[in-house]
Each structure stands twice: as structure tokens, then as C-alpha cells.
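Peer 1: This is what each chain is made of:
2 protein chains.
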Amino acid sequence: MLNNGRNRVIIENVKPEIDAGRFPSKRAVGEKVVVLADVFADGHDAVFAQLLYKKQTDGGWKEIPMKFLENDRWQGEFTVKELGIYFYTIEGWVDHFLTWRKDIKKKFDADQNIKVDLLSGVELVEAAANRAKGEDANALSEFAETIKNEKDFAAAVEVALSRGLLALVEKYPDKRFATRYDKELAVVVDREKARFSAWYERFPRSCSPKPGKHGTFKDCEAILPEIARMGFDVFYLPPIHPIGKINRKGKNNSPATKPDDVGSPWAIGSDEGGHKAIHPQLGTLEDFQRLVKKAQDHGVEIAMDLAYQCAPDHPYVKEHPEWFKKRPDGTIQYAENPPKKYQDIFPINFESEDWEALWQELKSVVEFWIGHGVRIFRVDNPHTKAFPFWKWMIGEIKRDYPETIFLSEAFTRPKVMYRLAKLGFTQSYTYFTWRNTKKEFTDYLTELTQTEVSEFFRPNFWPNTPDILPEHLQFGGRPAFMLRLVLAATLSSNYGIYGPAFELCVSEALPGKEEYLNSEKFELKNWDWNQEGNLRDFIARVNKIRKENPALHATQNLKFYEVDNDHLLFYGKATEDLSNIILVVVNLEPFRAHSGWLKVPIGEFGIDFKQAYLVHDLLSDDKYFWQGELNYVELNPQILPAQIFRLRKRLKREMDFDYFM
Amino acid sequence: MLNNGRNRVIIENVKPEIDAGRFPSKRAVGEKVVVLADVFADGHDAVFAQLLYKKQTDGGWKEIPMKFLENDRWQGEFTVKELGIYFYTIEGWVDHFLTWRKDIKKKFDADQNIKVDLLSGVELVEAAANRAKGEDANALSEFAETIKNEKDFAAAVEVALSRGLLALVEKYPDKRFATRYDKELAVVVDREKARFSAWYERFPRSCSPKPGKHGTFKDCEAILPEIARMGFDVFYLPPIHPIGKINRKGKNNSPATKPDDVGSPWAIGSDEGGHKAIHPQLGTLEDFQRLVKKAQDHGVEIAMDLAYQCAPDHPYVKEHPEWFKKRPDGTIQYAENPPKKYQDIFPINFESEDWEALWQELKSVVEFWIGHGVRIFRVDNPHTKAFPFWKWMIGEIKRDYPETIFLSEAFTRPKVMYRLAKLGFTQSYTYFTWRNTKKEFTDYLTELTQTEVSEFFRPNFWPNTPDILPEHLQFGGRPAFMLRLVLAATLSSNYGIYGPAFELCVSEALPGKEEYLNSEKFELKNWDWNQEGNLRDFIARVNKIRKENPALHATQNLKFYEVDNDHLLFYGKATEDLSNIILVVVNLEPFRAHSGWLKVPIGEFGIDFKQAYLVHDLLSDDKYFWQGELNYVELNPQILPAQIFRLRKRLKREMDFDYFM
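Protein chains in written order, with the working numbering: chain A, 1 to 661; chain D, 1 to 661.
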């Protein structure tokens, strides 16, 4: 038999609750957690529901009364103010006092005799007095006396129905038969950059101003001011470790290497060291730390690549051969995707018998770089490493360094990408790179922002990467680069580009592939950053708009709106208080001009049909007075393929004026 | 650190799984449980997934290989063959042999050297041989030898890629690092009547053929043949217990009682006994048992009403005053819904300190009637009794008597209705009674049949009850009763009517209410079952159609189809093998004829556009040859407001003939 047979309240259908509570949801410091639950009891008794929450390290729960919405649904919310893990759960009980108050009011209004009912109330108030202390206890006892006093019926009723009595009784609820939800749900709280960041990826070895010369961390220092001017706050470096010399790949991934080939930085490790070493041609560990420091001075953070794989000459291969798969001929298994072979890379075998030591070593790599000032890791191909490892490793690191950010570079199947996010990755690469049409954007972004996915998966949108030059950038010219930048930067609050290939609009691909011709992965580049038509100023403008408009600092506030042309994508973001409203319209076709009638959701923004409002295109600096829902736009991609409007509601006086315009 | 760091397979998003596995899903004997799950691992290794299931009382799991669908989704199924509780879960592992086989095939096709790869396979086959026994072990060793033999490469490849080897290795999988889903999910298996039943409700006291005379169980016996002829298989009796004499209600629920008023049967208990006693005017316990037995002879089962509430003179009130709420003046609290008062009924207080004894006594009521042959209980207002009680009581009863059926009469908020079903009720009353338009039916039935609700909530559709005479029956005349019957009987595989008010088309209501005028709840009735226009034959025909067509024995197979007239509702049901296909079209408006073009989903039924097919209206016995999707219907409610077609695919020979028609 049950112990709690008298606990009549049911609590179910709690949101957020990821996979039955197996995983935490995610927030950044300062964000709200809005918790919903169905809370109800049998019969018609009133129910009280409250949200309980605490930081992991707190002693007790904080209690927040929940608000009844409709259809037995209740809502409560709290704001997370510190890094780390928060927990929340829900408690509900039958509120006999509220039930009594509701009933007695109805009876009183129906002129029924409520003498005995008043006495029932006295019992409830006296019970509350017993639970209360000090002055409250006295006040409650006095209230009870007044209700009990048959000589002054009017006073008794007035007190019985008073808000003062209600508030005081609710302060000391009868929780003997309270139901506590059977799970404590977790929220991981990250720093703000987890939610809002602009990434710039660049190969340090190609940063030298001198053609043919291997770049260094010092060269990287030199370009920091421009990275900051363009508005990026994360400078992500592909692997900076020694590059394998055995089976090194030549230009364009050729298996035939020439002596001066620099190899892929993702083929990590040689006799010069492994994951904790620096490629000698880039500089020293001290140079690296200096770069980290200098970057900070420019408001830019260095992100490290974390690629758990080894070149054949990586020290691990000799020291820990048991961490790799051995073939029957005694050689170690290189990476394959038959019939393709990657002889320059040995994957780690997560089924190794020595997996515990392996996990510890892999974790120590992260700790090593944390020790040298790094707090952001872009993780290469996490979907080819065992899931349990990520859960453990990220959990361990974030326990000690909750400010750490892990970006999952998993371009793979959706379930796998989402699982990695659930396991702990802070941000994730997405399918944005291959979404082009209005329907594709609407479907995908709706999934990312309007479903449970938004609770655990923070998208980071990349128009290009060293591995991917998508078709639309190959054929769309400069307007395509501009429109993809605006889409990435305004649809998602986290985005990044691989430069300078991006801002220089590099579009030459391997024939029939979405890969760069003469990819920087396999050779040194000398970029002319001042090349005519470069997008540096345009990018700076877009990032400035992002920074100055808090509506663009979030992703899940995205809403799509109607426009009568399928080549135009129209969407908006607003802060909760509507103090910042951004509307974006993008011409998805880089080749020709398109026009259409936008349907502006003025009702959502509290704007009247008669009321004119100002829209300021922050890209072109053009301003328009619009009125009503339908407003016309025309976008010529040769000029600007997008408009980013800040909508300003006008002052009353201006509105009066409008009537005479 | 984890113990299972090498378990690389993830299992998630399992269906059915009600509320994170807190509640079982429901099936009837002979039904399938189709289980879906996302199963995947890191990297590109092949994965093997299997479904495990067992009866609660079985020792070990039965294993069923799952089938890969797409997007990492897998499916497996099993059929429940016995009453009681089944469990299922899922297991998955990385299938190294399958991975190897897939890769070696690609390499072989690409003309790569696979000498070493073959040896890797030998290791896998030898490991399987070590896990195998007897002949299988020998066969595997021989396979390994053949693959190992460098002198006959062709034979080695042939064996390596042979289905025989694959089958044998899969028989002895390497499950060292298998992942078992972290929950064992339950299915409650009921008897077939839980899924397919036709209920007839009638007050036994109104069964006497003599006007003014109180009916008896013997009178009930006399009408059994007609109940059976009409096609009902459940005869549900409102409470048959002694009726309270204190505060007894008069006709039309009047508080002023006359001496000959019979009172409401739901005001249970008097000095003549309580929930385990029989109202003396109905007969004796022996008479009741005889009725139960006689009904069985007619293929009809007696369903009892279970109303846990007491008249003021119920024996419990004296014997267990602590089971009721006491008011400050010493009286016991009667039922209220302020300002309404129900002085003839004392609700039970589930917060009683003596709740454990109370629960035991309430359970013993059910056991008492089970002891007298009853296995179906229609539970009155379960939503006004504590939820934990239902879960416990139904669980206890069904453990010992798994054939028991509990119908939840909860006309209340959706969350509450669904919760009761989750807690164990076998069938449930629904909102069908108030659904009228095409959109209302489509929305509601889609929720009931196409969502998770269908896993735990078995609807039972009632066009009327003693409490409810809905507006459309008040004003729609005989055609309204006909169309509501067809809807109830064909949309839901469980349905019932309150007779003879239904088949006699009684439509007089209390003014402005959806309640019967001169309700049988408060007075004896003498029904003229032969009244002109009665629907007994029509009902018999509909129930015969139900019985003869297995497609109508289920609810969740319902599909709505298009018709170009919003007054027509067009839907269908089919058996899984398509051997029985039923299409129903109903004119929802009882007042005038409507016509329209049905869009018959011939593709679903495997019918070609050129192929004619026979539709046989089982209500009118009319037959039609139709061809293609669009076919015309016209429904005059004064003749028949509905058509129930059986669709028959025609034989090949007939089809050839059609070309020349």
C-alpha cells in the first residue's frame, strides 16, 4: 500500500524536461527559465502550485508561486544568475482555505445561510495560526475570533473574504499532503558568450604578410585589431600542434607529398610533440599565451581546435599503442570511409581495454590548454568519438571551469547532432550551410527555435568552413556572400565565418564538389585582405548592428512573418519588453532584384492600424515611415540583398501629426 | 567514472512510453505492440538493435531483431497473447562483423587489396566460434579457415560475403558492450471486450411491463433476448443498491419528496444496506446472480455501476463517520458545487486519517461483486475521488482478475480524463457527446487515435446518458438519433446508449438544459418499446455490421478522408491486411439532404485508377461500382443519414471486363 494515499495533487507534463529528465536544459547567465506543468487534483478543490529551484551548491529550495494559465496548466519562472548547475522541481497541494473562500463567496452571493461555513473557515484559520509564528500567528488568531463572533456577521464575512486574510493564510499553507514532482530537473548555466558570439576562423600559418612565409602567432597578433574592428569576439584557430610527417597529405589532399608540403593541421602529432605541443613554426607556448592575452585586450577570445585523432608519428602511437586498433598484420588501423582512405590519421579506439587511462589523458589535453588561458574549444568531429566520453569529459571540465564553451562540429545525422548537444556541448554546428529556400529556412529554424530542441541545442551558423564551400557561394558571387552573412548573423545569435576566404568571396571549388580548390587545409596561403570587393566593412556593419541590438543576442526569439514573394525571407526578433524590435528581409536569390509586400505583425508590437511607425534600415541607413501591416520592399542584390530594420514606435505627438500627413 | 565507458550505442525516443514510462500502454489479447526507438552509435559502424519482451510472470526475455526504418529509427513488434502485464525494452550494440562485411565489400568492389582486411574478418569469425556451441562453432571455425586460406582468394571472398556466414555470426553476437535501454516499459493486456463492445444502459426498475410497477431482475431477464437481438454485448445497470431515504430527491431532482418517490439510484445506502446490498424491490442477490447467468447465455455481460458515495442513511455513515467530512456543527458535509447542494449524497473524504481502511473497504465492494459474477464496472465520477486510490485499487483487482473492465465516467477536463485512463481505467467516456461539426470530429478523433493518447485511453462513445440529452438530439428528431448512433458505433469500437430513451428518440429536455425532462433518474418509467418510429431494427442492423466487419473492432485504425461538403463526414477503417475495408459517410445535418464527391483513398487500398471496385452499403443494402478517387454520394436524412460501405476489390477477371463496359 502507498505511504502517500492522501496526496491528491497530480503533477505531470513538466517543461522543460529533456528526455524524461535525463539531460539538463541550457541557459546563459541572466536568462529566464520558464517552467510549465499540469497541476490538478480530483474534485473541485482549489490547488496551489509552486516552483522550487536552487543552485546546485545551495542548501535549500527557493519557492516561487506558479500562475494558473488554462486547462490545468501552470507556469512559474526564475532567472539564473550564476554559472553552474541549477535544479528545479514542482510542488502542489490542495488549498482548502482557497476552496473554502471561493465556496463561501458563492454561497454568500446566493444569499444562503453560511453560519456553519464560517465556522469551517475558523478551523482553517486557526490551523494556519498554529503553523505560523510570532505576529502572524496572533493576527491569524484575531482573524479567527472575528469570523467566529456571531454578533457581528458583517465583520465576519468581510474578514473571511479579505485579501489580507488570504495572503496571511497562504503564507503558512497546509502542506501535509503536498505532492512533490518525482524529478529534480537540471539547467546548465553558461556565460553570455554561449548565447551570443561571432566567430572568425583563420589559419595562423597563413597570417604572415610575406608570401610563402609560414605565419606565426606574432603575425596573428598583428591582425587582431582588424578582427576586432570587424566585430568578431572569438578568433578560432585550426589545430596549432605539430603536424604528422608520416603519410602527410599534399596539396588538394593528394597522397603524393612534396618536401615543402605543410600538411593538414588536423593530422596531429609528430616527433615534435602531440596535443599539448605547439607547431614549432607557429612559435612557442609563450607566444601562444601572449596571443591569448593580446586578443583579450581587443575583446577577442582565442578558441582552440580539439581534434582527438593522431598522425602516425604522434607520440601516443608509440606510448599507448593499445589506444588504437591493431590490424592482423601488426600495423595500426588508419581512418577509412571505404573505399576512401586517410592514411595520415589514426582514429582513437574508444573500445580500448585501457579506455579509462585514455579518457583521463584526453581530458588532460583540455585541462592543459585551460591552464594556458583557453576557455573555448571547437571540437572536431565529435560524432566519431564515443558518446559516454563526451558526457563525462564535458561534465568534469564544466564542474571545475563552468565558463568553458565546447562547440560541436558534428555535420552528421540529426539525432546524433542533438544527442551530442544533450550530452553537454555548449554550441553546435548545424545544417544552415545547406539551407537555401524559404521553406527550408522556415522548417529548420522552426525546429531549432520553437520545439524542445531550443532547450538544449544552441545553433552556431557557418556560411562556409575550410571543408565546405557550398554551391550557392560557388555560383552566387559577392551578393551570395552578403546574404549568407546576414542570414547567419541575424537568424542565429551565434555564427562564424572561415576567413579570409569568406570576406574575399573565394568561390573556386573542386569540380563537382562543395570543397575549396587548393584548400588552405593542405597549403600556405597569402591572402590580400585589401582585395577589391572585400566584405570587411560590410561584415563590420553587420556585427555592429548585432552588438547594438539586444534582440539579436538570442536565437529562440526568432519569428517568421509573411511576405508575398517566395524569394524573400522575412523574419524578426524582439526583446521581451519590446524595447528593441528588429525586422529582417533577405532576397534569397543573389542574381536578380525581388520585391514584395511584407506583412508586419504590428499587433504583436502593440501598434495600432492608424499609427505610423519608423523603420530604420541599419544596413543602408535608409529610414521609412510605415503604416498598417502591408508594406512594400524591393531588394536589388547588386546593391544590398537584405534590409535589417530597427522598428521604432513613435511618440504620441508625432502620431497626431500623422493624421494630417 | 562510468562502468560502461565502452558502451557506444545510444537508445532514445522509445515509443510507446507513456509519461517517461510511469504508466503502461494498453492492448487487448491478440493485438500487436509496435515499438520504435532511435538507436545509433558514434562513427560509421553498423548497429544491431533488438526488442526484448516478456510476460510479467515469464523468466527470461524473448528477443526480436528490430528493423531499420530511416533517420536512425528502428522498429520491432510482438503480439500479446495472454491477459496480464507484459514488459519490453531494447538492446543495441555495435555490430563489428556487419561493419567489416560492409567495408570489405566496398573495398573489393573498388579493387583494393583486402588481404589484411580478410584476416581482420577471421578474427571476428573466430571470436564468434568461441561464443558458439556444437555444430555452429565448428561451422564458424571452418568458415574462418576458408577466409584465412591465401591459396584460394576467390573462395575466401565468397565465404566472407556469404549470407550463411552472416546469419551464423549474428546468431552469436558480441554483446560485451551492449547498451540496454534504462527502462522496462509495461503493457496491460485486457480481454477483447476492452477493445470492442456495445453497451446498453437501462434502469432495471423501469423494466416492468406493468405501468407503475417497480421493475425487478426477473423483468430484466425478460428483455435479455431483445437486448441480444439488437446486438449489444454489455447490459449496464445503474446502481442496484438500496436507495437512501433521508433527503431523498423527488421527480426532476426536486428537494421536496413525495412518499412514493423512488429517489436516485446514485444516492446509495439505507437501513436496507449499502454497496454490497441489493435494493429489495429489484429482488435478491440470488435473483441478481441468475440475471448475470442468463445474460451470459445470451452473449450479454452485466456491467455494474460503481458509485463511491453515500446517502445520509448509508451504513458507512454510522459505522465509519471518520470517512466523511464533519462540519463544525457536528453534521456531515453533503455534496456541494456552490451554490448547488446535493443533500442526498455524502461524498467520501479521501483525506480521512483512516484512509487505509477506507481503501480496503472500497476495494472489497468490487471484490464482492466479482464474487457474484461481475467483471465489468462502470465507475461513476471517478474524477471526484483521489487519483492514488484508483491506481492502487485497479492494480490490485487486475492483478487477481485481469479480465476485469473499468469504464471511467469522467466528464471533466481533458488532463483529468487522460490521467484516470493512465492510472488504469480500461475504457473512458469522452467528449463525443458534444462534438458535432466535421472539424470537431476530425480534431478530436485525431487526438484520440493518432497521438500517444491512443496508447492508454480507450474511448467509449455515448450519444446520450441519463444525465445528458444533448442539444442535437433535442432538436434533430429521429434522423439525429440515427446519425449519432452510426457515428458512435463506427468511429469508436466501444460505444453505448442509454435506452429505451435512445431508441424511442426521447427528446424532451428541461428548458435551456441538456438534461431529460422527467428524468428516469428520479422516477419509474414505463417504456413502450414498440412505439412507432423506434430504432430497434436500425440499431440491430448497425450492430450486426459492426460484428461482421473486423475493421470496426478497433478505434485507432480510423482515418478521415476528403469530401467536398462540410456537412458530410467521410472516414474509413480497414484491417491491417486490407481483407476488410469499411468506408462511412455521414450527413451531419439531420434537417436536409446533402451531396458531395468523396475522395476515396484507392492508393491506400492498392486499387488502380483504371480498376473498378464494388462498394456495398451495408445499411441500405445498395451496391455501386465505383472507379477512381472521386465518387458521388447523396444522403437524405429522412431516409438514411449515413452509408456504411464495405469496399470489395474485384477479381482480375471482372477487371478485364470493366475495360469494355
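Hint data in this document are derived by calculation from the structure and do not stem from the laboratory.
Any given hint might turn out to be false.
When chains are identical, the list treats them as one kind, so a pair holds in a single copy or across two.
Claimed, not checked - Below, a list of computed lysine-lysine pairs in the DSSO-like style, where the Cα atoms sit at most 30 Å apart:
#, residue 1, residue 2
1, 326, 363
2, 106, 294
3, 175, 325
4, 513, 341
5, 115, 325
6, 245, 81
7, 251, 293
8, 559, 439
9, 67, 363
10, 398, 251
11, 391, 105
12, 171, 213
13, 15, 183
Peer 1: Would you mind marking each hint as holding or not holding in the structure?
Peer 2: Status of the hints after comparison with the structure:
Taking the closest pair of Cα atoms, residue 326 and residue 363 come within 30 Å of each other only inside a single copy of the chain (24 Å); across copies the shortest separation is 66 Å, beyond that limit. Taking identical chains as interchangeable, the C-alpha atoms of residue 106 and residue 294 are never at most 30 Å apart, the minima being 72 Å within one chain and 50 Å between chains. Taking identical chains as interchangeable, the C-alpha atoms of residue 175 and residue 325 lie at most 30 Å apart only when they sit on different chains, with a minimum of 19 Å there against 59 Å within one chain. Taking the shortest alpha-carbon separations for residue 513 and residue 341, only the intra-copy value of 18 Å comes in at or below 30 Å, while the best inter-copy value is 79 Å.
For the homomeric pair residue 115 and residue 325, the shortest alpha-carbon distance between copies (17 Å) is at most 30 Å, but the shortest distance inside one copy (85 Å) is not. With identical chains, the CA atoms of residue 245 and residue 81 are never at most 30 Å apart, being 49 Å at best within one copy and 64 Å at best between copies. Neither within a single protomer nor between protomers do residue 251 and residue 293 lie at most 30 Å apart by alpha-carbon distance, with minima of 33 Å and 90 Å respectively. Proximity of residue 559 to residue 439 under the C-alpha cut-off of 30 Å is found in both arrangements, the shortest distances being 14 Å within a copy and 28 Å between copies.
Proximity of residue 67 and residue 363 under a CA criterion of 30 Å is satisfied in neither setting, with 44 Å inside one chain copy and 37 Å between copies. In this homomeric assembly, residue 398 and residue 251 never come within 30 Å of each other (Cα to Cα): the closest approach is 39 Å inside a single copy and 72 Å across copies. In this assembly of identical chains, the alpha carbons of residue 391 and residue 105 never lie at most 30 Å apart, being 55 Å within a copy and 34 Å across copies at closest. Taking the shortest Cα distances, residue 171 and residue 213 never come within 30 Å of each other, neither inside one copy (73 Å) nor across copies (60 Å).
When the C-alpha separation of residue 15 and residue 183 is checked against a cutoff of 30 Å, the pair qualifies both within a copy, at 12 Å, and between copies, at 21 Å.
In this structure, the earlier hints numbered 2, 6, 7, 9, 10, 11, 12 are contradicted, and the remaining ones agree with it.
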